[in-house]
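Asks: The task is simple: from the sequences and hints, build the whole structure.
With the working numbering, the residue at position 346 of the sequence shown is 346, and numbering never jumps.
Below, a list of computed lysine-lysine pairs in the DSS-like style, where the Cα atoms sit at most 30 Å apart:
id: 1; residue 1: K21; residue 2: K202
id: 2; residue 1: K210; residue 2: K372
id: 3; residue 1: K210; residue 2: K135
id: 4; residue 1: K372; residue 2: K21
id: 5; residue 1: K287; residue 2: K180
I should point out that these hints are in silico values taken from the structure, not numbers from a laboratory.
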Amino acid sequence: MHILVLGAGVVGTTTAWFLQKQGHQVTVIDRQNQAGVETSYANGGQISVSHAEPWANPSAPLKVLRWLFKADAPLLFRPRLDPDQWRWALSFLCECTSTRAAHNIRQIVNLGTYSRSQLQNLREEVGLEYDALQKGILHFYTDPREFEAAIKPTRIMQDLGCDRQIIDADRAISLEPALKPIRDRIAGATYTSEDESGDARKFTHNLAQKCAEAGVEFRYGTEVLGFEHAGERILGVQTLKDGCHEILRGDAYVLSLGSFSAPLVKKVGLTLSIYPAKGYSITVPVKNEDAAFRVSLTDDEYKLVYSRLGDRLRVAGTAELSGYSRDLNYTRCRAIVRRTAEVMPEAGYWDQAEFWSGLRPATPSNVPYVGKSHFPNLYLNTGHGTLGWTHACGSAAALADIISGRRPDVDFAFTGI
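Replies: Below is the structure:
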C-alpha cells in the first residue's frame, strides 16, 4: 500500500521506518523543513520504562489544587475558556482512581518494554548515532513522603516485569557519584538498569535519512490542513506548501501530529482526548567532568529528568496545561535551573542554559492512541505525552503490524481492536 504518515517527529519517523520495512510505499508530510524539530527537538532524552506512573493517580487531585496558583509548580493547570481543556481535565480526574492508575501503568509498562527492545534491535540493525547511553535510570527522592508514595507503583511495575529496584541513598550515590552534594537529603531511590537515554532529535534526524535512503519520500514544508473524505473513508489530505494548495492521496493514512492531531481530526467527526502539555528543558555544557552525571536521573518530586548527551547536560520536565502557545515562561525556566544547580552545582554551566519549550500531546491516562480509527483507512499513532521517545519504536512497530494485517507482539489496549 501507499501510506501517508502525517508528522515527522520521532513517532512519525519511526512509523515510516517500520512501514517501509514491511514493504509499503511511504510518504511523510511535515510542516517543518526537517524531521524532529518540534516536540522531539529538546526533550528529556530518556528511554524510561520505569517512568510508568501516570500523572493521573490517587494523589494527583490534591497536588494539582495545591499547585494551582504556583507559577513554578511541576504540573500547572491554567484554566481557560476552552471546552476541550475542561473536558480533558474532567477525564483526567476520572483516571485518578487506584484501579484506573494500575490499569494505565500496565499499558505504559508493556508498551515501554516492547518499545525499548525494538529500539535496541533497530540500533543494532542500522547503527544510528544519537548520544545513546545504556546506564539505566535512577529515580531519587528528597522528600520522604514522595519516596513512600513511589513504592506501591514501583511494586506494580516489578510485577509487570520492569526491573525497578528500590534502593537506599548509599546505593544511589554508588551508582551516580554526582549526587554526593545532596547525599544527606536523599530519602530513597529506585534504579532500573535496563533503561537508557539519548538525543531524540539526533535519532529522528538520522533515522529520517535512513528512511529516505530506503525509499521513503519526505514532503517537508508542507502543512496539513484537513482531510477529504466520503462517508467512512479518507480520500486524501488537504495540504499547503509555498502558498499552493494540493490534495495528497494514498491507500491509508497515519496520524502522528502530536498535540495538533485532535483539532485536525475533529473536523471529520473524530474526537481524541489529547491536550497540549507544555514542557520545558534546559541544555548546558558540562563544566566539571567529575561532577557531571552519566546515569540518567529522575527527580520525581520536581518532575524533572536529567540526561547526559555527550558533552551536554539536558534537564527537562514540568507540564503546563495552558493551550497551544509555546511562549517561554521564564519563572518555570529559572525554577529548573535553580533545582539542578542545587542538586549538582559544579556539573554544568547553569548560567549558560539554553531554554526550550515543546507541546507534549497528553492524554488524561498517559496512554497513547495506537491502532485503528473508525475510518477504515485512517490509523492513529499519537498522544504519547512525555513518553514519545520511550514508546516511539514500539508503537511504530505495532502499528505497522496492524496495518499489514498482523497481530502485534505486545499486550496493549490498541484502539479499534
